[in-house]
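Peer 1: For reference, the chains in residue letters:
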Amino acid sequence: MATTREVTTTDRAWRRHDRRGTVGLLAGPLLWLLLFFVIPVAFVAAYSVGAVTLFPTDTGVVSLASWERLLTGGSVYMSLFWKSIRMSLTVSAVVVLLAYPTGYFLALCVRRRKYVLLLLIIAPFLTSYLLRVLAWKVILGDAGVINSFLTTTGITDEPVSWLLYSQFTVMLVLAYIWVPFVALPVFVSLENLDRSLLEAAADLGASRFRTFVRVTLPLSLSGIFAAFLFVFIPTIGEFVTPLLVGGTSGYMFGNSIQDLFTKGLDWQTGSTLAFFLLAVVAALMTVFGRFLRMRAVVQ
Amino acid sequence: MSDIATSPNTRRGLILFFSLLVVFLYAPIVILAVFSFNDGDVSFPLAGFTLDWYRRFFSNPNILESLERSAIVASISSLIAVALGVAASFALLRRRFFGKSGVSALVFSPLVVPYVVFGISLLVIFTALDKFLVSSTGSYIGLGLHTVVIGHVVVSLPYTVLTIVPLLERLSVDLEEAAKDLGASPWQSFRRVTLPLLMPALVSAFMIAFTLSFDEYAIASFLAGETPTWPVYLFAQLRVPSQLPQLLAVSSVVLVASLGIVLAAEIGRRLAERRYGGELRPSA
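If you read the sequences in order, they're chains V and H. Per our numbering, residue 1 is the first one in the first sequence, and the count goes up by one each step. Per our numbering, residue 1 is the first one in the second sequence, and the count goes up by one each step.
What the hints contain is simulated information worked out from the structure, not anything from laboratory work. Please note: incorrect hints may appear among the correct ones.
Quick look at which bits of chain V chain H covers, simulated, 3 or more residues with Cβ under 8 Å [stated by the list, open to error]: (1) 37–44; (2) 83–94; (3) 118–127; (4) 265–273.
C-beta: ideal position from N, C-alpha, C; glycine also.
Please model the entire structure based on the sequences and the hints provided.
Peer 2: Right, here's the structure in full:
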């Protein structure tokens with residue numbers, strides 16, 4: 001008797017717990033994200049159409065004027081945006097070209113210590129982002145490692161100035177930053193490849209090259225695509241690397257957002273640019289998001 | 001035996017490529033460390049070995065303060081992110097509710113939102129809040145470490161969920177059922193059964209969130225106000241060339257420490273997952 005009653009009490013507690021529990025579990029994370037993520041972003045959208053006024057210079061008139069200025073009539077920000085897109089596309093392509101052979105090597109050529117070598121490639125990504133950019137500034141500067149080496153050994157008389165503060169430098173450093181991270185999705189897609197398909201191709205008389213082009217490459221396309229997006233999406237909004245090694249020619253769309261908020265103090269234009277960038281990323285995620293299987297990568 | 005994926009020549013080529021890539025990835029970091037021991041400017045030729053820069057940084061109150069601020073921000077934001085991450089992981093894995101895919105999209109969306117956009121969004125909302133407070137009460141909150149913590153929790157949360165979910169998935173629901181059958185209350189079963197088993201994932205989630213926050217510049221640069229965290233301080237000091245060797249010394253210490261922490265977290269998590277994999281799944 002006594003046991004039956006105990007069990008029912010427990011059961012009741014658990015049923016009550018299940019009902020309220022879901023709300024309780026979701027309350028914390030959702031409230032935090034709502035207050036400090038969703039509302040602030042919505043506020044920026046409102047700011048961009050003039051529905052919010054914070055400074056005396058804000059017009060306080062609700063209109064799409066700042067959006068019109070951004071999207072029509074060859075605005076300087078739009079050309080900057082396309083330049084950033086071009087840079088991000090280049091960086092993503094270079095990174096994938098470097099990461100693919102790495103992932104291929106680790107997944108298909110290495111038998112032992114595969115994961116140790118993978119970790120060797122990934123480890124730099126887990127260290128400070130800012131310090132890895134700083135390292136390049138130290139290496140490429142006028143009085144930096146390369147130039148001081150070139151001048152003291154007499155290879156050149158003057159320091160090579162285009163090494164630092166150029167579009168090329170920004171892309172080099174961004175590629176350096178993202179290669180380790182992107183080796184992972186490529187490795188995962190090749191590691192999960194069914195080896196018997198390769199054997200079948202060989203048995204049917206296909207050369208290694210033909211097997212690669214007709215079997216391996218098509219089957220790893222989703223990994224390549226994920227890798228591409230993993231670089232492309234975070235680099236479109238990049239502003240720290242251009243700030244450190246880009247100079248004026250390496251200036252990107254993200255820099256103009258930062259400048260409008262910290263130097264120019266035109267927060268309404270800044271909000272328009274920021275929300276535009278967010279909309280672009282959201283659109284990319286809606287169309288291509290299914291290629292980014294985050295869970296598969298993390299496990 | 002011939003390999004189906006690579007010919008011997010391709011294999012040699014790939015080994016060479018891999019080695020060069022490792023050099024490319026590590027050379028800048030090594031150079032950074034080498035110049036932190038160099039008795040002179042950050043340029044060739046090397047002028048001899050010194051520990052002077054390390055000595056100077058240990059007696060530079062500005063650097064130490066900024067490191068301390070970052071440690072405080074990282075500790076608090078990671079604790080909150082792990083707590084919220086546990087709740088979100090349980091809800092997403094163990095509960096059915098309306099709008100689950102929407103909630104999951106929301107939790108993971110900070111992974112793809114550009115940090116510059118998120119940073120200015122918080123800057124705008126806190127400025128608006130202060131303006132409202134000044135006009136209604138005459139006082140204001142202002143920017144500072146608390147606003148950095150708030151921002152870092154948002155961007156750390158998806159990483160904590162991604163770290164906790166795989167292990168939670170392997171913990172059989174049967175264990176919670178067993179605790180229930182033995183008369184445990186929901187809280188007891190969580191506290192005494194689930195939480196201890198989940199501990200490895202919580203520790204590594206904390207460490208990942210900690211290193212992420214400790215190093216984070218983009219968001220902190222908008223929100224730190226008059227209290228620069230370490231990356232914000234570092235960035236500001238880069239304009240002063242004489243400071244550089246000293247900063248390289250701190251950077252080397254931070255690099256080695258963060259590498260150690262993250263590797264420990266990663267190895268611990270994989271070991272735990274492997275250990276639980278066989279034992280805790282019912283007939284799998």
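Peer 1: None of the hints should be skipped; say for each whether it holds.
Peer 2: Checked hints:
1. 37–44: With 7 residues close enough to chain H, the hint holds.
2. 83–94: Check failed, 0 qualifying residues.
3. 118–127: holds (count 7)
4. 265–273: holds (count 3)
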